[in-house]
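Colleague: For the protein sequence lines, the chains are A and B, in the order given. Residues in the first sequence are numbered consecutively from 1, following this note's numbering. Residues in the second sequence are numbered consecutively from 1, following this note's numbering.
It should be emphasised that the hints constitute simulated quantities derived from the structure, not laboratory data. Check the hints yourself; a few may be wrong.
Pairs count within a copy or across copies, as identical chains cannot be separated in the list.
[Claimed, not checked] The calculated lysine-lysine pairs, modelled on BS3-like cross-linking and capped at a C-alpha distance of 25 Å, are:
no., residue 1, residue 2
1, Lys219, Lys365
2, Lys254, Lys50
3, Lys185, Lys102
4, Lys50, Lys197
5, Lys158, Lys365
6, Lys176, Lys225
7, Lys176, Lys158
8, Lys185, Lys365
9, Lys102, Lys219
10, Lys170, Lys365
11, Lys219, Lys116
12, Lys102, Lys365
13, Lys197, Lys116
14, Lys197, Lys102
15, Lys219, Lys158
16, Lys170, Lys102
17, Lys197, Lys365
18, Lys365, Lys225
19, Lys102, Lys225
The lines below spell out each chain.
There are 2 protein chains.
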Amino acid sequence: MTAEIICIGTELLLGNILNGNARYIAEQLADLGIPHYYQTVVGDNPTRIKQVLEVAAGRSNILIFTGGLGPTPDDLTTETLADFFATPLVERAEIIADITEKFAHRGRTMSPSNRKQALLPEGAQILPNSVGSAPGIIWNPRETLTVLTFPGVPAEMKHMWQETAIPYLKSQGWGKQGFYSRTLKFWGISESELAEKAGALLDSTNPTVAPYANFGEVKLRISAKASSQAAADDLIDPVERQLRDIGGRHYYGKDEETLASVVGRLLLNAGETLAVAESCTGGGLGQMLTEIPGSSQYFWGGAIAYDNRVKVALLGVDSEDLATHGAVSDLVAQQMAAGVRSRLGTSWGLSVTGIAGPGGGTIAKPVGLVYIGVADPQGRSQSFEYRFGQTRGRAWVRLVSACSALDRLRCSIDMQ
Amino acid sequence: MTAEIICIGTELLLGNILNGNARYIAEQLADLGIPHYYQTVVGDNPTRIKQVLEVAAGRSNILIFTGGLGPTPDDLTTETLADFFATPLVERAEIIADITEKFAHRGRTMSPSNRKQALLPEGAQILPNSVGSAPGIIWNPRETLTVLTFPGVPAEMKHMWQETAIPYLKSQGWGKQGFYSRTLKFWGISESELAEKAGALLDSTNPTVAPYANFGEVKLRISAKASSQAAADDLIDPVERQLRDIGGRHYYGKDEETLASVVGRLLLNAGETLAVAESCTGGGLGQMLTEIPGSSQYFWGGAIAYDNRVKVALLGVDSEDLATHGAVSDLVAQQMAAGVRSRLGTSWGLSVTGIAGPGGGTIAKPVGLVYIGVADPQGRSQSFEYRFGQTRGRAWVRLVSACSALDRLRCSIDMQ
């Protein structure tokens, strides 16, 4: 038994909107343990909808449709389904009554076009829509085939999914065995290097381990099929331990954790505070740190020292050193970190200075060259050189610079 | 001739990520005037990929794949395509050389698993990836069928699309009668209000006008079908003029312009400079301003004054006023803006202080209350109160606060 998601809507084909409905339903199917191998998007066109239906009905048992249930002439899902399965449409008095009441509630009368929404295939069960006017259906047009339809409006679809579809699918025996997953996150190691180290673990079947990489971060997702969270944990825990051993200091957290939240937790545990001095990231490091609710407990703020005058005025960087070594240098990174720490009176100071590009690079100091400075609670400061290259562009250099700074601080706190 | 998008990735089936690639390519196909009726998502499974390929090759002429080009064993797109079309894979020396060089550039050596990425079907053209290690292909496995493959990483896919796919598709005759569009951007007006004012313009057919709203910003996309950019401009220009009149001061820019880039242009034109003082945005305002290449010409930096001690130490905010009026107040917003302007010596000072939540709100000062301060080149300072509410969450309050600050500065510079 497998499910398939079919989203109907020309706006998806035109790229006007993201397909959030497919993502939501996919996540829900995984939670219920319903296997799901295909998603299709097709426009509001009966011939093409039938073509998709033909393919889907031949390979899946539960077809989940979104979109095309509205009152306008281009909403064709229900009548195309009825036509495909050679079943007459029947007007349902309870839907007319429901729509009439909803309109009355808003001081309006039902428009004739809404009448169409009360026409459902004979034998189909109503999948009620308590939010909007378009109901869906739960229907078995063939013995081993179930069709569920939802409107395309995400809020209505989600409501109906929670209120009616989940109880229905559970009544059919689903939800006893679900997929549970945990994502381990790594920084400073490439996807291929980590995958090679993980070796045979990537071939295991329950749990499975799958690598993903994005913006310099590598993730390993461990997914188990199990009858409960506890049973899944029993499968996932030993694999997590192995993978964390393999990742070593590159492993930094899991699931919802971010580099900023992990740094925050470490600072909070140590009763320490942090200030930042940012040049090329221009505020992005502070932005990441303050994404975390409650970050004011350990993050005090800092300076956006984009112009050299600010490095001198707010951070006390030596102007002769700036002239001799340049703003993008080991020494200036250290002075920025030490300066923001001492001026603000925090335990730690963290700085970033670099060349984000596209302009400003030289042969000696190319785009992508970044220095990160760390001033520790003992007043020592250190700096670290990174070369991120210029091929991935300005936004990427800035993002990985801020993340690398957080990662460097994480390691420094850990080594205390 | 029609195109079809096939996205390969188990993470899409598990609902872990939104299918932004499908949306991007859909938009691009529309721009080129290439009809596109189906999108499919399938997992990293050769049997199912072949099944999808069978269906797609039977109904479309241009198959565009994303995902499954990485170095790990579950990346199967290329070999499955070769297998389906019974074509041998051949190792391409130029890809090995390219990957080796990219790794060397980052001071690393190519891992053996990357070798797999150099195996392409015989006869396929390389679709180069200047950003990452995985190249794609442009291939005609049958006379009337073209296959293009892209990695799943959005930044790499988009780069490759722009650099190689568009020129290729244009060389095949596409893009002559295309859809041309222009997006007008508005801040500080709701979608429904703007749509009501636009009235009958929303019903026009060539060009069409469609409203979108996202994170407080409202966009009107004007799309024309025409044989050239110039012909499209003739259709779009008069509608743009009407819509800009309707939007009044809420209109701020179009297409790639952002509030930060518009503010930057205004400052550059006036020969003026800017410094910021951020509390609740924690660096997000500086981050937005420095996203713009060349922003160092007018943006000097500022202070992240998250903790009150920083407001006093770096900005000279009066500590008695802080105690009496609170950090989130008209007076403190003004002092922050004036303080950062005078301490850094810029023409303008811009500040944000507010309660981003979820905690920290009171009845008098609820979550979502934000003050924006503007200090102008004449040394006057003003502040503005916003109430963004708490239902949309912390990230939203922070984002619209930073945008509102930029918008406020934009209007202040404009009124000079």
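Colleague: It remains to establish, for every hint, whether it holds in the given structure.
Modeller: Okay, the hints, checked on the actual structure:
Neither within a single protomer nor between protomers do Lys219 and Lys365 lie at most 25 Å apart by alpha-carbon distance, with minima of 31 Å and 40 Å respectively. With identical chains, the CA atoms of Lys254 and Lys50 are never at most 25 Å apart, being 43 Å at best within one copy and 34 Å at best between copies. Taking the closest pair of Cα atoms, Lys185 and Lys102 come within 25 Å of each other only across two copies (24 Å); inside a single copy the shortest separation is 39 Å, beyond that limit. In this assembly of identical chains, Lys50 and Lys197 lie within 25 Å of each other by CA distance neither inside one copy nor across copies; the values are 47 Å within and 31 Å between.
In the homo-oligomer, the alpha carbons of Lys158 and Lys365 never lie at most 25 Å apart, since the shortest distance is 44 Å inside one protomer and 28 Å across protomers. Taking the shortest Cα distances, Lys176 and Lys225 sit within 25 Å of each other inside one copy (10 Å), while across copies they are farther apart (51 Å). In the homo-oligomer, the alpha carbons of Lys176 and Lys158 lie at most 25 Å apart inside one protomer (21 Å), although the nearest pairing across protomers, at 41 Å, exceeds that limit. Taking identical chains as interchangeable, the C-alpha atoms of Lys185 and Lys365 are never at most 25 Å apart, the minima being 31 Å within one chain and 38 Å between chains.
Within a single copy, Lys102 and Lys219 get their C-alpha atoms only as close as 39 Å, which misses the 25 Å cut-off; across copies the closest is 22 Å, which meets it. Taking the shortest Cα distances, Lys170 and Lys365 never come within 25 Å of each other, neither inside one copy (57 Å) nor across copies (38 Å). With identical chains, the CA atoms of Lys219 and Lys116 are at most 25 Å apart between copies only, with a shortest distance of 21 Å across copies and 44 Å within one. With identical chains, the CA atoms of Lys102 and Lys365 are at most 25 Å apart between copies only, with a shortest distance of 18 Å across copies and 53 Å within one.
Taking CA atoms no more than 25 Å apart as the test, Lys197 paired with Lys116 passes between copies only; the shortest distance there is 17 Å, against 57 Å inside one copy. For the homomeric pair Lys197 and Lys102, the shortest alpha-carbon distance between copies (21 Å) is at most 25 Å, but the shortest distance inside one copy (53 Å) is not. Taking the shortest alpha-carbon separations for Lys219 and Lys158, both the intra-copy value of 22 Å and the inter-copy value of 22 Å come in at or below 25 Å. With identical chains, the CA atoms of Lys170 and Lys102 are never at most 25 Å apart, being 29 Å at best within one copy and 51 Å at best between copies.
Taking identical chains as interchangeable, the C-alpha atoms of Lys197 and Lys365 are never at most 25 Å apart, the minima being 33 Å within one chain and 53 Å between chains. In this homomeric assembly, Lys365 and Lys225 never come within 25 Å of each other (Cα to Cα): the closest approach is 51 Å inside a single copy and 47 Å across copies. Taking the shortest Cα distances, Lys102 and Lys225 never come within 25 Å of each other, neither inside one copy (41 Å) nor across copies (39 Å).
The structure does not agree with the numbered hints 1, 2, 4, 5, 8, 10, 16, 17, 18 and 19 stated previously, though it agrees with the rest.
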